[in-house]
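Novice: Listed below, chain by chain, are the residues.
There are 2 protein chains.
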Amino acid sequence: MEFEVKFLPEGKRISVPAGSTVMSAALRAGVDLANICGGKGFCGKCLVEVLDGNVPPPTDQERKRVGEEKIKKGYRLACQLTVQEDVTVQVPEQSRVGRQRLVIMGKEPPVALNPNVKKVYVEVAPPSLHDPEGDDVRIAKVLAAMGLDPVLIDYEIIKKMPKILRDGGWKVTFTILNNREIVNVQPEDRTKELYGVAVDIGTTKLAVFIVDLLDGGIIFAEGIMNPQIRYGEDVISRIGYASQSDENLKEVQKAIIDGINSLIQRGLEETGIKEEDLYELVAVGNTAMHHLFLGLDVKWLGFSPYPPVVGRAYNVRAKDLGIRINLAGNIHMLPNVAGFVGADAIADILASRIHEKDRLILLMDVGTNTEVVLGCREGLWSCSTASGPAFEGAHIKCGMRAASGAIEKVKIGDDFEVEYGTVDGEKARGICGSGIIDAVAEMLRTGAIDMSGKIVLQGHKRVRDGIDGKEFILVFKEETASGREDIVITQEDIREVQKAKAAMYAGYMTLMRKSGFRREELSEIIIAGAFGNYIDPENARIIGMIPELQISKISFLGNTAGSGARMCLKSTDVRREAESIAKAIKYVELAAEPIFEEEYVNAMYMPNSKLEDFPEVTASVKAPRVVRRYVRR
Amino acid sequence: MEFEVKFLPEGKRISVPAGSTVMSAALRAGVDLANICGGKGFCGKCLVEVLDGNVPPPTDQERKRVGEEKIKKGYRLACQLTVQEDVTVQVPEQSRVGRQRLVIMGKEPPVALNPNVKKVYVEVAPPSLHDPEGDDVRIAKVLAAMGLDPVLIDYEIIKKMPKILRDGGWKVTFTILNNREIVNVQPEDRTKELYGVAVDIGTTKLAVFIVDLLDGGIIFAEGIMNPQIRYGEDVISRIGYASQSDENLKEVQKAIIDGINSLIQRGLEETGIKEEDLYELVAVGNTAMHHLFLGLDVKWLGFSPYPPVVGRAYNVRAKDLGIRINLAGNIHMLPNVAGFVGADAIADILASRIHEKDRLILLMDVGTNTEVVLGCREGLWSCSTASGPAFEGAHIKCGMRAASGAIEKVKIGDDFEVEYGTVDGEKARGICGSGIIDAVAEMLRTGAIDMSGKIVLQGHKRVRDGIDGKEFILVFKEETASGREDIVITQEDIREVQKAKAAMYAGYMTLMRKSGFRREELSEIIIAGAFGNYIDPENARIIGMIPELQISKISFLGNTAGSGARMCLKSTDVRREAESIAKAIKYVELAAEPIFEEEYVNAMYMPNSKLEDFPEVTASVKAPRVVRRYVRR
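Listed in order, the protein sequences are those of chains A and B.
Start counting at 1 in the first sequence, then tack on 19, and there's your number in our numbering.
Start counting at 1 in the second sequence, then tack on 19, and there's your number in our numbering.
Think of the hints as simulated: they come from the structure by calculation, not from any bench.
A couple of the hints might just be wrong.
No copy is singled out in the list; a pair is fine if it fits within one copy or between any two copies.
Okay, derived cross-link-like pairs now, PhoX-like style, lysine-lysine, Cα gap no bigger than 25 angstroms in a straight line [stated by the list, open to error]: (1) Lys273 <-> Lys338; (2) Lys338 <-> Lys179; (3) Lys338 <-> Lys269; (4) Lys629 <-> Lys641; (5) Lys179 <-> Lys273; (6) Lys518 <-> Lys629; (7) Lys428 <-> Lys572; (8) Lys318 <-> Lys178.
Can you build the whole structure from these sequences, using the hints too?
Specialist: Right under this line is the structure:
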């Protein structure tokens with residue numbers, strides 16, 4: 020038995036079997052609806068308003084996350100609400116994933132061009148009665164004279180080759196992949212049209228770059244939200260969804276491939292480049308993103324010891340994946356390290372050149388998963404921390420992404436009055452990652468919270484008791500875009516920030532201990548990640564997300580994962596470098612390290628329970644000291 | 020506007036646009052209907068009886084091939100008859116291609132096994148928290164310890180690999196193609212199951228062999244008619260059909276691939292082997308068959324200088340062609356030479372070892388196209404002659420394939436009385452290739468015809484005037500299966516035999532002249548081809564199809580094309596040998612050789628106008644000498 024679910028305001032309708040959730044209907048109908056926790060009813064972000072149709076009573080999760088009052092008004096969680104007759108629901112603006120403010124560019128060192136594809140223009144002798152050899156033999160002779168010996172001709176190409184040779188009067192351009200295979204034949208001299216695609220598949224965002232392989236120039240760059248977000252905001256949720264069945268895995272894979280194809284399509288339209296002239300695509304992502312892109316079984320990525328299916332560099336044909344570049348084109352995946360430390364970490368290293376540095380560098384690629392790399396010429400250590408989506412505005416009561424109206428900068432005065440800046444200067448709608456870090460750092464600096472994160476300010480109009488305990492009012496409702504609700508930082512929100520930053524810092528400390536380096540040796544901190552560009556380094560240091568180093572030694576390189584992908588697209592030498600980095604880098608599985616637990620608990624304090632490691636911060640903040648050092652049993 | 024064509028007795032119905040031919044309807048409906056000339060109305064074999072529906076007046080071709088009397092009774096040619104309203108037609112038995120007597124085995128020299136696929140059983144260390152590397156890295160380590168370094172893992176395989184590794188307790192069998200790519204992973208020790216497929220794609224017949232790659236044994240062998248026959252009996256007709264549109268090409272390709280798949284399927288059912296354990300398929304055929312199998316553009320194969328698209332060995336994935344072996348399996352095509360001399364000629368040489376012989380050998384692979392190879396260790400020369408389907412019973416008034424009831428042996432007494440033998444000892448239904456050669460040779464021996472092929476016997480009950488001139492009655496109608504019509508050899512039939520044998524002999528003579536060898540140097544004649552097994556060597560010599568050599572020096576090796584394909588399946592060393600033969604062999608394009616024309620005209624006489632080259636034959640036959648030597652202008 021099937022019932023129809025209608026989504027407003029878009030008016031999309033879809034029939035689903037009785038007992039299906041409204042979320043599954045939204046997924047199938049392609050309705051933009053947040054699904055951060057992967058349908059478990061934890062995040063409460065998929066709120067919908069039931070306008071028509073009888074619905075079953077609310078679940079416990081709904082009572083908890085939505086509250087009786089809102090439930091009475093018809094609000095429910097789409098992931099919990101099942102269908103028992105035709106229903107119409109309204110999807111409010113705050114339940115949308117929506118278009119986001121995305122940073123996709125990153126610093127990229129110069130690379131000597133040596134791409135995996137080359138074009139050559141040749142004039143082939145046409146066959147005659149006295150020289151009737153096969154087309155492929157004639158071509159091989161001409162190419163051999165140029166020192167080229169492609170032993171393969173792609174099947175798609177050989178089917179169209181004879182006509183093109185003759186239509187082109189035997190003057191044609193060949194594209195050769197990996198000095199081994201002819202992957203295109205075009206009439207006339209088309210050697211000037213040689214392009215590739217670099218892709219950074221972030222857990223949250225997807226960035227696509229089209230690169231001219233003759234001069235290395237970026238001619239198109241665009242980002243969108245990773246369309247897989249509808250299957251869960253974090254990697255664990257997505258792994259859970261994709262592991263349930265082959266169909267689910269294919270669905271999640273299709274989402275990212277469709278997303279990449281749509282960006283490529285946009286790029287082709289904007290630049291006038293032809294699809295057939297995109298010959299290679301190099302993609303990076305953490306291990307989960309890597310696997311979901313390739314459609315690999317991710318079941319075991321979700322369980323200790325989290326082994327990836329593919330660790331080494333992997334090549335697959337565009338045709339096999341359904342990627343819309345030249346059919347015979349190649350998809351190159353950079354090597355993964357282990358656990359969730361994937362090809363993106365290798366790309367970060369390639370772009371930041373840590374492996375060539377004489378002095379010790381700490382790199383954090385901040386995202387829903389944060390990759391932490393510590394090292395220099397002498398050696399590299401890496402780990403991955405599930406820092407969570409707090410810095411991306413999720414798991415935060417008034418959290419939102421860095422879209423219009425998001426509070427991105429916060430200053431709190433000594434009188435606890437608040438100054439703030441929003442994205443696009445719009446009226447405040449919520450608070451995004453950098454705003455949250457600012458707010459918590461400022462509360463710490465002014466003493467509105469103590470070092471354990473507890474809100475200690477009392478008797479001030481900005482502090483009040485909310486449903487989840489104390490909360491600090493950043494913006495009173497009169498000033499907000501909606502005009503209906505205050506924008507607050509709750510005690511729970513502060514706890515989320517503490518957990519996220521503690522994970523990162525403890526990751527760093529664990530690598531420090533495992534590598535045998537000393538704290539004093541750390542010469543530089545690099546913050547990477549699209550998100551990283553907006554963080555105030557001072558405040559990151561105040562909350563103890565990063566170790567206390569001079570501000571001038573902290574740099575932001577932006578989306579270095581994308582940079583590393585472009586570098587590998589431009590040069591096979593860099594690919595070899597990537598493989599040797601992957602072989603050399605030591606992976607530290609935090610779940611196996613008691614040090615990590617110890618440092619995590621210490622780092623739950625702000626800046627840390629080891630105050631001696633943060634002397635400047637400790638001296639500058641008014642937050643009461645309530646730290647307790649963790650002692651391992 | 021569409022009309023329905025109904026075919027009896029099968030009762031198949033199909034709707035086609037007004038103006039379509041009944042032949043095109045039969046092709047689309049999959050009705051078995053002979054189409055020897057490719058729909059030009061020349062061969063007259065697609066006779067159908069119109070039972071219901073008004074039809075347009077007959078074409079000139081129909082008047083010529085069917086005759087007014089039969090037309091009055093409702094008989095028409097399916098390729099000429101167009102549809103203008105719903106029609107019902109009866110397809111008589113003689114218009115069927117039907118099941119044929121096929122010879123598919125051939126002589127095969129021993130080959131040291133060294134196949135392109137290998138299986139290894141390994142026990143892989145499972146990942147642990149302290150050794151969490153990727154599955155592929157773990158496998159690479161185990162294989163490296165065995166001296167193996169497959170740098171690729173097929174995309175289909177990597178998707179299923181992690182589950183099989185774990186389900187199999189990390190004890191698995193890998194299949195490695197070309198020492199380069201993992202193409203299968205199976206739980207437990209499956210090293211005993213390693214099979215391949217060899218395919219000989221003849222213009223007329225298709226033979227499929229399943230070979231055990233561990234011991235080289237043939238465990239299944241089966242032949243069917245090449246299903247492409249419905250698109251034309253000879254290569255030129257098929258090229259014409261396939262060149263008309265991409266759809267036609269795909270249709271012709273699909274026919275052969277479906278045919279191969281059906282034979283493979285039958286083999287799997289009979290042997291209990293699993294599809295996934297067939298890892299490679301090696302196919303041979305003449306250039307046109309090679310191209311139509313791969314779906315390559317054959318347009319230029321039909322025009323001088325007949326250059327193939329692919330001359331070198333070619334590899335393509337089973338998946339790309341839709342061949343039902345292991346998805347990641349490889350299809351290997353042996354190299355072509357040039358013109359129509361294809362991979363089958365290379366296979367013939369591999370099986371007959373001509374290239375290793377000290378003394379000069381002539382090889383003829385007799386078929387609708389006959390490949391002629393002349394040579395020895397010192398060098399190889401080759402050409403292809405369009406000998407036509409006469410020896411396969413086509414273009415012959417009472418011709419039929421070597422099916423039940425076909426006359427395959429003929430003896431004519433000095434009183435012109437006829438003794439004959441039929442396939443399966445059934446009542447005579449027609450005459451097949453070996454019977455035609457016998458009949459013509461016997462007529463020559465007894466003097467019923469003269470050396471120009473003219474029927475000179477007069478005033479005997481076996482000779483009469485038919486529609487197409489004189490004819491010799493082999494079997495009176497009372498003795499035939501139908502009981503209705505005499506089985507005759509017409510003057511036209513003799514002409515067809517002369518044309519076919521003249522083409523072969525002239526091909527041989529042209530190679531002889533081009534190579535510079537002397538006639539006396541010829542030490543052996545090898546007749547290959549499925550058809551060849553049934554030819555009486557004495558009679559082949561009498562009609563001058565082959566040069567006059569001692570009968571003991573003439574051998575029949577059977578289907579050596581299939582043998583060569585199996586040899587290459589079993590050993591990559593033989594593949595290298597094939598490539599060096601392909602490079603070394605000299606191709607002679609007969610269309611460019613005036614010698615060919617000269618020798619062809621001389622060879623139209625039987626045995627030849629150069630009687631000095633056939634002293635024994637000349638002495639033994641009673642046929643009047645009316646030969647005239649051709650002199651080139």
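Novice: Taking 25 angstroms as the upper bound on the Cα-Cα distance, should Lys338 and Lys269 be classified as within, between, both, or neither?
Specialist: both (16 angstroms within a copy, 19 angstroms between copies)
Novice: At most 25 angstroms between alpha carbons: which applies to Lys629 and Lys641, within, between, both or neither?
Specialist: This pair counts as within: shortest intra-copy Cα distance 17 angstroms, inter-copy 119 angstroms.
Novice: At most 25 angstroms between alpha carbons: which applies to Lys318 and Lys178, within, between, both or neither?
Specialist: between (39 angstroms within a copy, 12 angstroms between copies)
Novice: My question is about Lys338 and Lys179: at a cut-off of 25 angstroms on alpha-carbon distance, are they close within one copy, between copies, both, or neither?
Specialist: Classified as both: same-chain Cα gap 16 angstroms, cross-chain 19 angstroms, threshold 25 angstroms.
Novice: I want to check one pair: Lys273 and Lys338. Are their C-alpha atoms no more than 25 angstroms apart within a copy, between two copies, both, or neither?
Specialist: Classified as both; 14 angstroms inside a copy, 21 angstroms across copies.
Novice: Can you tell me if Lys518 and Lys629 fall within 25 angstroms by alpha carbon in one copy, between copies, both or neither?
Specialist: Cα proximity of Lys518 and Lys629: one copy only (16 angstroms, versus 102 angstroms across).
Novice: What label fits Lys428 with Lys572 when the C-alpha limit is 25 angstroms: within, between, both, or neither?
Specialist: within (22 angstroms within a copy, 98 angstroms between copies)
Novice: Checking an output row: Lys179 and Lys273, CA cutoff 25 angstroms. Within, between, both or neither?
Specialist: between (29 angstroms within a copy, 18 angstroms between copies)
Figure legend: structure checked against the earlier numbered hints; every hint is met.
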